[in-house]
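Here the protein sequences line up with chains A and B, keeping their order. Read in order, the letters of the first sequence correspond to residues 1 to 603 in the working numbering. Read in order, the letters of the second sequence correspond to residues 1001 to 1427 in the working numbering.
By construction, these hints were calculated from the structure, which means they are not laboratory data. Any given hint could turn out to be false.
Which chain A residues stay away from chain B? Per the calculated CB distances, all over 10 Å, these [stated by the list, open to error]:
(1) 122
(2) 188
(3) 320
(4) 395
(5) 402
(6) 433
(7) 484
(8) 486
(9) 518
(10) 522
(11) 542
(12) 550
(13) 553
(14) 561
(15) 562
(16) 571
Straight line, CA to CA, 27 Å or less: simulated DSSO-like cross-link-like pairs of lysine-lysine [as the list claims (entries may be wrong)]:
(17) B:1015 - A:557
(18) A:568 - B:1015
(19) B:1159 - A:557
(20) A:578 - B:1373
(21) B:1034 - A:557
(22) B:1186 - A:568
(23) A:557 - B:1186
Under 7 Å between C-beta atoms, here's a sample of chain B residues computed to sit facing chain A [unchecked claim]:
(24) 1124
(25) 1206
(26) 1337
We put the CB at the ideal spot given by N, CA and C, even for glycine.
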Amino acid sequence: MKKDTSHIRNFSIVAHIDHGKSTISDRILELTHTVEERDLESQMLDSMDIERERGITIKSNAVRVAYDADDGKTYQFNLIDTPGHVDFTYEVSRSLAACEGAVLVVDATQGVEAQTVSNALLAMNADLDIVPAINKIDLPSAEPDRVREEIEEDLAIPADDAVCVSGKTGEGIHDLLEAIVYLVSSPQGDADAPLKALILDSYFDEYRGVVATVRVFDGSIKKGDRLQMMATEDVFLCDGVGCKRPLETPLPELGLGEVGYVVTGLKDPSLVHVGDTLTNPDRPCGEALPGYHEAKPMVFAGIFPVDNKEYENLRDALEKLKVNDPSLTWAPETSVALGFGFRVGFLGLLHMEVVKERLEREFGLDLIATSPSVDYHVFTTAGEILDIKSPQDLPRPEKIDRIEEPYLNAKVIVPPDYMGAVMQLAIEHRGVTKDMVYLTEKSVEMHFDIPLAELILDFFDQLKSRTKGYASLDYEFSDYRPSDLVKLDILLAGEEVDALSFIVHKDKAYTLARGLCDKLKEIIPRQQFEVPIQGAIGNKIISRSTVRAVRKDVLAKCYGGDISRKRKLLEKQKEGKKRMKQIGTVDVPQEAFLAVLKVDDDA
Amino acid sequence: MPATCGIYEALWLAKLHFRSARALYLHIPFCVRKCAYCDFASWGTDARDPLVREYTAALSHLLEEVAQAGLLEGCTTAYVGGGTPTLIGSGLADLVRRVRAVAPKVSELTCEANPDSLTDELLYKLVDAGCTRLSIGVQSLDDGELQTLGRIHTAWQAKDRLSAAVALGIDVSCDLMCALPGQTDKSWELTLREASSIGVGHVSVYPLQIEEGTAFDERYGNEPLPWNDTEVQARRMQAACDMLESAGFERYEVASYARPGRECHHNRAYWTAEPYLGLGCGASSMLTREAYGRLRAVAHQLPELPYDVSRVRLTCTSGRSELARTRSLGDLSFDIEMLTEAQACAEDLMLSMRMVRGAGPGLVEHARAVLGKREVDDTLAMCAERGLAHEQDGSWVPTHEGWLLGNELYGLMWGLAPDEVRSFNSC
Chain A
1 MKKDTSHIRN
11 FSIVAHIDHG
21 KSTISDRILE
31 LTHTVEERDL
41 ESQMLDSMDI
51 ERERGITIKS
61 NAVRVAYDAD
71 DGKTYQFNLI
81 DTPGHVDFTY
91 EVSRSLAACE
101 GAVLVVDATQ
111 GVEAQTVSNA
121 LLAMNADLDI
131 VPAINKIDLP
141 SAEPDRVREE
151 IEEDLAIPAD
161 DAVCVSGKTG
171 EGIHDLLEAI
181 VYLVSSPQGD
191 ADAPLKALIL
201 DSYFDEYRGV
211 VATVRVFDGS
221 IKKGDRLQMM
231 ATEDVFLCDG
241 VGCKRPLETP
251 LPELGLGEVG
261 YVVTGLKDPS
271 LVHVGDTLTN
281 PDRPCGEALP
291 GYHEAKPMVF
301 AGIFPVDNKE
311 YENLRDALEK
321 LKVNDPSLTW
331 APETSVALGF
341 GFRVGFLGLL
351 HMEVVKERLE
361 REFGLDLIAT
371 SPSVDYHVFT
381 TAGEILDIKS
391 PQDLPRPEKI
401 DRIEEPYLNA
411 KVIVPPDYMG
421 AVMQLAIEHR
431 GVTKDMVYLT
441 EKSVEMHFDI
451 PLAELILDFF
461 DQLKSRTKGY
471 ASLDYEFSDY
481 RPSDLVKLDI
491 LLAGEEVDAL
501 SFIVHKDKAY
511 TLARGLCDKL
521 KEIIPRQQFE
531 VPIQGAIGNK
541 IISRSTVRAV
551 RKDVLAKCYG
561 GDISRKRKLL
571 EKQKEGKKRM
581 KQIGTVDVPQ
591 EAFLAVLKVD
601 DDA
Chain B
1001 MPATCGIYEA
1011 LWLAKLHFRS
1021 ARALYLHIPF
1031 CVRKCAYCDF
1041 ASWGTDARDP
1051 LVREYTAALS
1061 HLLEEVAQAG
1071 LLEGCTTAYV
1081 GGGTPTLIGS
1091 GLADLVRRVR
1101 AVAPKVSELT
1111 CEANPDSLTD
1121 ELLYKLVDAG
1131 CTRLSIGVQS
1141 LDDGELQTLG
1151 RIHTAWQAKD
1161 RLSAAVALGI
1171 DVSCDLMCAL
1181 PGQTDKSWEL
1191 TLREASSIGV
1201 GHVSVYPLQI
1211 EEGTAFDERY
1221 GNEPLPWNDT
1231 EVQARRMQAA
1241 CDMLESAGFE
1251 RYEVASYARP
1261 GRECHHNRAY
1271 WTAEPYLGLG
1281 CGASSMLTRE
1291 AYGRLRAVAH
1301 QLPELPYDVS
1311 RVRLTCTSGR
1321 SELARTRSLG
1331 DLSFDIEMLT
1341 EAQACAEDLM
1351 LSMRMVRGAG
1361 PGLVEHARAV
1371 LGKREVDDTL
1381 AMCAERGLAH
1391 EQDGSWVPTH
1401 EGWLLGNELY
1411 GLMWGLAPDE
1421 VRSFNSC
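Go ahead and model the full structure; you've got the sequences and the hints to work with.
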């Protein structure tokens, strides 16, 4: 039976940051009456507080809207929002795989920018139909004609039909919706073939278990179907299907070409993987959809409660967080300085920041995160191979034969003017430029081999600042390579603080040690006693700085017996101290443990 | 009182239940001009402004009222502070006379004075009215420093007025400030030497604090101030201690030095759990549960105390014009803090650490009883370990380090207080 899918349009909106992706999404929801204006919370699709605050999308999201087109037919639009950060490249690729089209938003005043190029390339590589949209035409400085030319020249995308819109005023949004109807293909597939559906995302619901967002490529899904995930081979009974508009709306069936959610009833979120293929175990499809791989944590950091009594609460919080973020992994870790905590694996640095912030905000915890590390392979003289994710687990130097560290294939897209700056940056981070390709006249794609450990420190921030935000970065794991690595220890008041230790390339150890000692001197407040800070490799001290002792701290003045005021001052002081970790006799603020990320800030 | 209560503790406990105030404070919120560093409740005013007279008259009425309520029956010290009380001239002498009339047990009566408005005539009038002590705001004896501070008198004027007051035979105290812009180790030493040689019996020494909202705050903001660096403050405080002690003064409180027998009893009351009553703008009071009961009899707007409150702190939040119109405490508003017995005790430990005498055996015994023996002993041990205080003949007294790092020491003591202090605004 041939099922009609001609009314379905699955698409994403992609854009350079701040070019107005979210406002356009909001306008579409409004114009199609999916959300009434009065209910329209700005940036409807970014549902987590953190997402809205930071203006970034972390989770994918799919919203279905009904559009009454000028041709008299009603179309089903599935608007798929994608994460916008290099940590989540894989999730982006899966989201795009669920679409037939992409709206490429370009700012009418700024024109094509680096991320416009990389996003356009991603969309083209995914074989999507591209609908160019020139946004912010309400601004006096808008130059739609110039931008149209740029789109054609820089991206080689025909832009005669580019739609001029204003997310702010709503002008042109109707034309954009019409353009989507005409330019984006409808989904293909076979309604009678065995089920084949892609999992774009999943989230956990306390009552219904894991809920997966899926795109049906062949067949259909309805409540009561037996379903199987091909990678994990787990089978479950479908507990319901539906779509978001933007609130969840149950449907009798998710048909061919449609995007919606599937209630799995599964209680263990780690069973459901983004990119996996859903099929029917009794009538499985021949092969899974391409492109699946397991999201593997790349970056590992210690997460400790400031107050050791919160350890159990931290464990509970991590478990609760994992249900919505299955990529999270952890193992218990003990530090002499920080007590009991966990070594947590993250997809990248942003992911780490977001997780720490969610743990603190949603679970009321006060946490210390230690410097991020990668997974080192240590070959001991005894012939063992150890996986070392935490500097404190590194064996003594005499027991190490060699250490191998993970390398990446990194891809940077940048305007030619900045090529020199990027190469310089790569060299500073032990990267080797492999080749470069002119994509268009105004963008070059450069490929590097670079150690992951270098990339997670400040590479991304530096890249952004040295290319004035023009560069975009994408990377994938390449292989393990031997490197001359050492453990840099930090001593506070003569005592080694394990949580401040760091694995670093030998050639960089001295510079980093000096930078770290200076940074810590800034961060650690003056205490009753002088606090020497030393950087050491083995027993050798290679850098030092000193936090001077506070000589005087007393409020002597008497305000006619106003004791309340004095007491409040003391309470404020105490509050500040409570957020610090006492290590030996030294009060250390939380940010000290991430000082290594800030060392290059002032350079 | 627990059966195991020792004699020292019994003595200490007695003052936690005084039915009246032991010290009286009157606040005059007027000055000729506000100094650049000042964040006290005070406003630049013309002495002829009728508001000044009305305000003083209102204070007299309030005095009458609190005396009627029995709040002054055990009162032994009084202090008229500001602002610049001497700005109101003979009105100040009248006020002193009123205090004498309503609080007959007062034996120490201090007036704060500014060199520019302390005329010979006013001096005689004050002494005649019953003032026994003058605290003169000198701050510095260097004309350049005085000018930067925004003071309206010269060094010569200050010395002249100090001498005149000393010559009259009453107790004279001199307020000095260190770590000032333009001040050097040398100019500070000179100020100290001159002040002590004039014959005053008491000197107070404060490092300048840049307080929020002052002209200094605006002028210097957050920039690093080498002349106000804590190193400089520490050095100057130490210089003051050395210099004054060699001149025959003894330190008895973190910022106060006196010749033998010349300590300020009023100031000491603040640090030793003696209840006090403050009247006027921004004035603070500390009352026992019993004394608060008497205050409520005239100020009905004040809340009733929960059963577990044993101490109340009040700060008057009414403005000066509001005060000038009032005839009763019942018309005024207060910010209130209510402390439990344990909180009051932690507070007493904290305050005692400002005194050379420290926490006496009575207070320490009491603290062990209400705050827990282990908790108190652990805290004291930590103070000793960190070199902030040590035990001496059954008392715990601050060390040299404890003077300089007072906030650390006070913070440790206050840290013994359980729960948060209940506070109520604008009652």
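Okay, the hints, checked on the actual structure:
1. At roughly 46 Å, the least C-beta separation between residue 122 (chain A) and chain B is larger than 10 Å, which holds for a residue marked as non-interface.
2. Every CB of chain B lies more than 10 Å from the CB of residue 188 (chain A), the least distance being 65 Å, so the non-interface label holds.
3. Chain B leaves residue 320 (chain A) outside its interface by the beta-carbon criterion, the shortest separation being 30 Å against a cut-off of 10 Å.
4. With 10 Å as the threshold on Cβ separation, the claim that residue 395 (chain A) sits away from chain B holds: the shortest Cβ distance comes to roughly 37 Å.
5. Listed as outside the interface, residue 402 (chain A) is consistent with that label: its C-beta sits roughly 47 Å from the nearest C-beta of chain B, beyond the 10 Å cut-off.
6. Look at residue 433 (chain A): its CB is around 45 Å from the nearest CB on chain B, clear of 10 Å, so calling it non-interface holds up.
7. Taking the minimum C-beta to C-beta distance to chain B, about 42 Å, the non-interface status of residue 484 (chain A) holds against the 10 Å cut.
8. The Cβ of residue 486 (chain A) sits about 37 Å from the closest Cβ of chain B, beyond the 10 Å cut-off, so the non-interface label holds.
9. Listed as a non-interface residue, residue 518 (chain A) keeps its Cβ farther than 10 Å from every Cβ of chain B; the least gap is roughly 18 Å.
10. Listed as a non-interface residue, residue 522 (chain A) keeps its Cβ farther than 10 Å from every Cβ of chain B; the least gap is roughly 14 Å.
11. Residue 542 (chain A), annotated as away from the interface, keeps every beta carbon of chain B farther than 10 Å; the closest lies near 30 Å.
12. Remark: the non-interface label on residue 550 (chain A) conflicts with the geometry, its nearest Cβ contact in chain B lying 6 Å away (cut-off 10 Å).
13. The claim that residue 553 (chain A) lies off the interface is violated: its Cβ sits roughly 5 Å from the closest Cβ of chain B, which falls inside the 10 Å cut-off.
14. Not every CB of chain B lies more than 10 Å from the CB of residue 561 (chain A), the least distance being 4 Å, so the non-interface label is violated.
15. Look at residue 562 (chain A): its CB is around 5 Å from the nearest CB on chain B, not clear of 10 Å, so calling it non-interface is violated.
16. At roughly 7 Å from the closest C-beta of chain B, the C-beta of residue 571 (chain A) falls inside 10 Å, breaking its exclusion from the interface.
17. For the proposed pair residue 1015 (chain B) and residue 557 (chain A), the alpha carbon gap of about 25 Å is at most 27 Å, so the pair holds.
18. Of the pairs offered as hints, the one joining residue 568 (chain A) and residue 1015 (chain B) holds, with about 24 Å between alpha carbons and a cut-off of 27 Å not exceeded.
19. For the hint pairing residue 1159 (chain B) with residue 557 (chain A), the CA-to-CA distance comes to about 23 Å; that is within 27 Å, so the pair holds.
20. A C-alpha spacing of about 24 Å is found between residue 578 (chain A) and residue 1373 (chain B), which places the hinted pair at or below 27 Å, so the restraint holds.
21. With a C-alpha separation of about 17 Å, the suggested pair residue 1034 (chain B) and residue 557 (chain A) falls inside the 27 Å cut-off, and the hint holds.
22. Among the hinted pairs, residue 1186 (chain B) with residue 568 (chain A) is inconsistent with the structure: their alpha-carbon atoms are about 36 Å apart, more than 27 Å.
23. Between residue 557 (chain A) and residue 1186 (chain B) the alpha-carbon distance is near 23 Å, which keeps this suggested pair within the 27 Å criterion.
24. For residue 1124 (chain B), the interface hint is violated, since its Cβ never comes within 7 Å of a Cβ in chain A; the closest pair sits about 26 Å apart.
25. Hint status for residue 1206 (chain B) relative to chain A: holds, with the closest Cβ pair at about 5 Å, below 7 Å.
26. At its closest, the beta carbon of residue 1337 (chain B) sits 6 Å from a beta carbon of chain A; the interface hint therefore holds under the 7 Å criterion.
Hint violations for this structure: numbers 12, 13, 14, 15, 16, 22 and 24, all remaining hints satisfied.
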